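Trainee: Here the sequence shown is numbered in numbering that gives the first Met the number 0, starting from 0 and rising by one per residue.
Hints are supplied without guarantee of correctness; some may be wrong.
The calculated label-pair distances, taken between Cβ atoms and stated as ranges, are [as the list claims (entries may be wrong)]: (1) Arg83 with Val121: 54 to 60 Å; (2) Ala152 with Ile117: 47 to 53 Å; (3) Val121 with Lys90: 43 to 49 Å; (4) Arg40 with Leu131: 20 to 26 Å; (5) Glu116 with Ala142: 33 to 39 Å.
In the SDA-like style, the derived pairs of lysine to any residue whose C-alpha atoms are separated by at most 25 Å in a straight line are [unchecked claim]: (6) Lys91 with Leu122; (7) Lys97 with Val107; (8) Lys106 with Ala92; (9) Lys106 with Val57; (10) Lys97 with Tyr52; (11) Lys50 with Leu100; (12) Lys97 with Gln56; (13) Lys91 with Asn51; (14) Lys91 with Arg59; (15) Lys91 with Val121; (16) Lys50 with Gly129; (17) Lys91 with Arg73; (18) Lys106 with Asp32; (19) Lys106 with Glu66; (20) Lys74 with Gly85; (21) Lys97 with Pro130; (22) Lys50 with Gly85; (23) Lys91 with Leu102; (24) Lys97 with Arg58.
Calculated from the structure, these hints are not laboratory results.
These figures come from a predicted structure and were not determined experimentally.
Ideal Cβ positions, reconstructed from N, Cα and C, are used throughout, including at glycine.
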Amino acid sequence: MKGHSADVKSLDAVDQFAHALREFHDSASVALDELAMEIHRAVEWIQHDCKNYWNEQVRRGYQQVSEARVALERKQMFRVADHRPGCYDEKKALELAKRRLALAQEKVETVRRWSWEISQAVLEYRGDVGPLAQWLEADLPRAVALMERLRNALDHYVGIDTVEAELPAGTAAGDEAIPSSAGALASPSEPASEKSSHTPSRNPQHEDLQPDDRRGPTRVGSGDASEGQTRDGRTLE
C-alpha cells in the first residue's frame, strides 16, 4: 500500500518476539492459577475452618461455664461446723470459663466480618484481573498466530526476491522460454493460398456444358429446351 512499508531488520526478531509472547502467556497463566488457589484456600480457611472452629469453641465455652458454675454451687453448699468455704478455686475456674466463652463469641463475630470482607475482596480482584485473564486466553494466542503468519509471509517474500536476483537481467520470475524457430510455427499442410491457385477457373457461359466436380458429368441437351437453343432460335444438333 502506498505510504506504508515494512521496516523489518531481522526475521529472527519476529521469532524471538513470538517466543517471548508464549513465555509470558505461560508465566502469567501459572501465576494467575497459583493466586486463584491461594485465594481459594484463604476463603475456605476463613469461611469454613475458622467458622467451624470458633463455633465449636463457643459450644465448649457454654459447657465449661455451666460445669464451673455447678462446681461452685456444690462447693458453696458444703459447710464444716458452720464454716462456709471461700470457694476461691471454683470462682476462678468460673471466671476463666466465662472469659473463654466471651473470646470465642468475639472470634465468631470476627470470622463473620472477615468472611464478608474477603468475599468483597475476591470480587474486586476478579474484576481487576478478569481483563488480563481474557487477554491471555483469547488475544495473546491470536497475536502469536499473527506473528507466525507474518513470519511465513516474510519468508515467502524473501524467497521471491532471491529468485528474482538469480534470474538474468530483463527476465521476470515465472517467465518461460518462447520458441523462436520458424519451423515450429509453420503448418505441415499446404497453405490455402497455394491450394486455391491450382483450382481451374470456370466460365459462366459454359456452366451447363462443363462437368461439375460436385454434381458429376452433365449431358449436353439434357436440360430445358431453352438451354439447347442458340440465340437465333436454331436447335443444336
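Trainee: Provide an ascending list of the numbers of those earlier hints which the structure does not satisfy.
Mentor: Structure breaks hints 6, 13, 15, 16, 18, 21, 22.
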